[in-house]
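> Sequence:
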Amino acid sequence: MSVGELSGRRNILVGEMSRPESPLFDFLESCLRHKCEVVIYEAASAIVRMPKTSSRELAPAVSVLQLFCASPKPSLRFAAVRTLNKISINHPQAVTTCNMDLENLITDQNRSIATLAITTLLKTGAESSVERLMKQISSFVSEISDEFKIVVIDAIRSLCMRYPRKHAVMMSFLATMLRDDGGYEYKKAIVETIISIIEENPDAKETGLSHLCEFIEDCEHAVLATRVLHLLGREGPKAQNPARYIRFVYNRVILEATQVRAAAVTALAKFGALCPELQPSIEVLLGRCLLDTDDEVRDRATYYLAVLKTGSTQFTSAYILNGLQVSVVGLERALQQYVRDPSAHEMPFDLKIVPVSAQPITATERKKPSVSVDLPTPASKKEDKMKATRQDVYAEQLRAIPEFARLGALFRSSEPIELTESETEYNVVCVKHTFSDHVLLQFDCRNTLNDQLLENVFVELEPQGEEGWEVETHLALPSLPYNQLGSTYTLVKMPDGGEVTGAFNATLKFLVKDVDPNTGEPEGDDGYEDSYV
Numbered sequence: 001m002s003v004g005e006l007s008g009r010r011n012i013l014v015g016e017m018s019r020p021e022s023p024l025f026d027f028l029e030s031c032l033r034h035k036c037e038v039v040i041y042e043a044a045s046a047i048v049r050m051p052k053t054s055s056r057e058l059a060p061a062v063s064v065l066q067l068f069c070a071s072p073k074p075s076l077r078f079a080a081v082r083t084l085n086k087i088s089i090n091h092p093q094a095v096t097t098c099n100m101d102l103e104n105l106i107t108d109q110n111r112s113i114a115t116l117a118i119t120t121l122l123k124t125g126a127e128s129s130v131e132r133l134m135k136q137i138s139s140f141v142s143e144i145s146d147e148f149k150i151v152v153i154d155a156i157r158s159l160c161m162r163y164p165r166k167h168a169v170m171m172s173f174l175a176t177m178l179r180d181d182g183g184y185e186y187k188k189a190i191v192e193t194i195i196s197i198i199e200e201n202p203d204a205k206e207t208g209l210s211h212l213c214e215f216i217e218d219c220e221h222a223v224l225a226t227r228v229l230h231l232l233g234r235e236g237p238k239a240q241n242p243a244r245y246i247r248f249v250y251n252r253v254i255l256e257a258t259q260v261r262a263a264a265v266t267a268l269a270k271f272g273a274l275c276p277e278l279q280p281s282i283e284v285l286l287g288r289c290l291l292d293t294d295d296e297v298r299d300r301a302t303y304y305l306a307v308l309k310t311g312s313t314q315f316t317s318a319y320i321l322n323g324l325q326v327s328v329v330g331l332e333r334a335l336q337q338y339v340r341d342p343s344a345h346e347m348p349f350d351l352k353i354v355p356v357s358a359q360p361i362t363a364t365e366r367k368k369p370s371v372s373v374d375l376p377t378p379a380s381k382k383e384d385k386m387k388a389t390r391q392d393v394y395a396e397q398l399r400a401i402p403e404f405a406r407l408g409a410l411f412r413s414s415e416p417i418e419l420t421e422s423e424t425e426y427n428v429v430c431v432k433h434t435f436s437d438h439v440l441l442q443f444d445c446r447n448t449l450n451d452q453l454l455e456n457v458f459v460e461l462e463p464q465g466e467e468g469w470e471v472e473t474h475l476a477l478p479s480l481p482y483n484q485l486g487s488t489y490t491l492v493k494m495p496d497g498g499e500v501t502g503a504f505n506a507t508l509k510f511l512v513k514d515v516d517p518n519t520g521e522p523e524g525d526d527g528y529e530d531s532y533v
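Numbering (UniProt numbering), first residue to last: 1 to 533.
Keep in mind the hints are simulated off the structure, nothing from the lab.
Be careful, since some hints might not be right.
Quick list of the computed label-pair ranges, beta carbon to beta carbon [claimed, not checked]:
#1 T501 <-> E523: 45 to 53 Å
#2 A126 <-> S414: 52 to 60 Å
#3 T97 <-> E220: 38 to 46 Å
#4 S312 <-> I144: 50 to 58 Å
#5 I144 <-> A239: 58 to 66 Å
#6 R244 <-> T434: 40 to 48 Å
#7 T501 <-> V284: 46 to 54 Å
#8 A405 <-> T501: 21 to 29 Å
#9 S414 <-> A168: 20 to 28 Å
#10 I353 <-> T507: 31 to 39 Å
#11 I353 <-> P74: 55 to 63 Å
#12 Y482 <-> P74: 35 to 43 Å
We put the beta carbon where it would ideally sit given N, CA and C, even for glycine.
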């Protein structure tokens, strides 16, 4: 059997096998003893990709990959360590036997191999080996590019979440990296990692805030300095000695750019609001900011100073500590519509029509439970700009549908929920959009059968003994060809009063037309109705 044939068969076998008891699994195990190295690797990789594989069943593949780690061929070493990295995401214990071999790869001349070895060790290493591992990495990171350093930083974050008692060692290592030269993305990754450690581990707060205070003393990136000042304003007043952070904050008012000075004024105001014993000193510092050359800084100082001098905890809570919990992009869009519509000027602008804030949609999510095994590509240099939130995107889409224009402002959209298994013939994902009196269920559907065309696709809901819920309307999907994503909607009216909870049985209904798999053209005009629970 040629290598190409085995690779193609591997993809088929992995898709067909649901459990290692399959006779096909025995075939893959036999390939681990093949005389060709590439065939052996393809078999090991196929075993790794099998669903629901236990550590015991992975052992033969791990043993083979461990041998490849010592191969004189860089391609085999890279393939082995990359596959071990994948295994460590779900089965870190299965890879611990390879840790000595992985440590030898830290000094590999190929930086890709060394980086993968480092990140794998960070996910599989024991708590007792953290100090030794940090010492080994310290001599390595100075020799790699910023893109590789970011991968290592992400792995350190994952390790710190697993062993929170070792936060001091890892914080010190990150602080050292923070003082080294590097670009914006590199510094941003370190700052976000330190912030995430502070948020997850209260014992690390004092240490992390101290490192960040030292960082903003000589920070050339205004965006990062603003981020740190925001954190100081939120966490600094709750620290054991809040006064120690005020000097670092006020230095930014004296030395930095306009946007950093404005952020520092806001942080000072939060210290004054949360620490009554410091309020007189904060008022003096804010009074000095009234002479700033920028009107934004002066306006903030005037506003916060007036609120603090009222002495009212209600005012300080409402106007300093609790900002507007709305989407900035949604607020901008709502104000533009208000200005353009002359008839709307008869009534004052209602802030309730603005969607509440949500997490922005980003290309990569930094906070992950495990580190990605893919090596980094050079980051594209793009300007920092306001990103539309997921809810803003949904609100814009729903406003464009005339049937739902009467529902008013969108209050909240849920995370996507899978209603079917990924291997089934029809994939359905549900998103719940909550309005004042209705819940709009968005069903994103995909047809995975290449010999079928689905028409008039909608989801029928049947309440499970719940009273008060009323299914008002369906918005069917006219056509759903093979492997295309389409959305159908079901509008449900909430019950009047009481708790708003309910459960429904959902059935996907559609008209099926047989099509030619090669051309995608229907074989006839007739179809038949079908459903999928």
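> Each hint: holds or not?
Outcome of the hint check:
1. T501 <-> E523: 45 to 53 Å: holds (46 Å)
2. A126 <-> S414: 52 to 60 Å: This hint is violated: roughly 39 Å between Cβ atoms.
3. T97 <-> E220: 38 to 46 Å: This hint holds: roughly 45 Å between Cβ atoms.
4. S312 <-> I144: 50 to 58 Å: holds (54 Å)
5. I144 <-> A239: 58 to 66 Å: Hint violated: Cβ distance 35 Å, outside 58 to 66 Å.
6. R244 <-> T434: 40 to 48 Å: At 44 Å between Cβs, range holds.
7. T501 <-> V284: 46 to 54 Å: Hint holds: Cβ distance 53 Å, inside 46 to 54 Å.
8. A405 <-> T501: 21 to 29 Å: Holds, since A405 and T501 (Cβ atoms, about 27 Å apart) stay within the stated range.
9. S414 <-> A168: 20 to 28 Å: Violated - the Cβ-Cβ distance for S414 and A168, about 39 Å, lies outside 20 to 28 Å.
10. I353 <-> T507: 31 to 39 Å: holds (35 Å)
11. I353 <-> P74: 55 to 63 Å: At roughly 60 Å between Cβ atoms, P74 and I353 fall inside 55 to 63 Å, so the hint holds.
12. Y482 <-> P74: 35 to 43 Å: holds (41 Å)
Consistency with the previously given hints fails for numbers 2, 5, 9, ordered from lowest to highest.
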